[in-house]
Amino acid sequence: MAPSINYAEAYGYSSLTAAIVFAIVYFPLMGFFIFKYMTARTSVYMTLSIFCLTRVSGFAIRAVEINVESAATNEAVLIADQVLFGIGFFGLLYSAYTLVMDRGDLLDIPKTKSGNIIDRIAGTRKLFRLILSGGVALGIAGIISSSNGDSDSSTLRQASVIIFLVLTAAQVYLTVRLIFNEAAYARHFPPVNTSLGVKHGSFILGAIAVLLLIRELFLVVTINDNQTVNDEHFWYPLVVIPEILAVTLYCAPGLVPPKSELNKYSGVSY
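Numbering follows our numbering, in which position 229 of the sequence shown is assigned residue number 229; successive positions increment by one, without gaps.
Bear in mind the hints are in silico, worked out from the structure with no lab data behind them.
Quick reminder that beta carbons are idealized off the backbone N, C-alpha and C, glycines included.
Worth double-checking, as some hints may not be accurate.
[What the hints assert, rightly or not] Okay, derived cross-link-like pairs now, DSS-like style, lysine-lysine, Cα gap no bigger than 30 angstroms in a straight line: (1) Lys126 - Lys36; (2) Lys259 - Lys199; (3) Lys36 - Lys199; (4) Lys199 - Lys126; (5) Lys36 - Lys259; (6) Lys126 - Lys259.
[Said to hold, decoys possible] Ranges between beta-carbon positions, derived for each pair: (7) Ala76 - Glu261: 19 to 25 angstroms; (8) Asn148 - Leu127: 30 to 36 angstroms; (9) Phe180 - Glu9: 16 to 22 angstroms; (10) Cys251 - Phe180: 47 to 53 angstroms.
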């Protein structure tokens, strides 16, 4: 009988402490967003709750892989680990996109059809969500295909990473546009609510956009280098840290507009 493959060692999973710490840190964040969703009933909080759940589950599974040999040699556990870390980014990016679009809609600025193709494509919520969902689907298909030894698995995962980078770049562009629009609007109509998220929301979203871009640039640069992308010395500071910093920024009071305000714009296409 051929010896079992220790997938945790093969993929460079070694830091048990880090996996446990991040699982613990994400747990109260998940609780916070669940509480906010129960009180505010906005989709952003629900999406962030699900993202935190994928990270709590993902890091818990990774800790088990590192510490329990039977889990480390179980390919199904490895697939679950990779799928959870792959699909979670959907929630992080789409939450940022939703907030940028929502805050833009709340500005009392006449809406005109832009001739800029980036504005027209990136500004269509249904299209952005569809492309983002396609990127997630390709990533999952690539993970499953890889476990089956399919030669197309690398192509599928590369396509997923590139889609995420393009959408993240579009998100950066939309956020920069929002920063200028909110600054111009505030000069004429200073916000009544002076909470951090209301007064400086676009800059907070800008910081989130930069953090997400750092994550995606690293994954694209290492798109053909599995050893580097899985190296925890790079993965934690360039993927995990930007994610958790971004999630923490979402906690800023006033950043997510109340549902009562959003309901005034029933014509918005979600």
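Identify every previously stated hint that the structure contradicts and give their numbers, smallest first.
Failing hints, ascending: 7, 9, 10.
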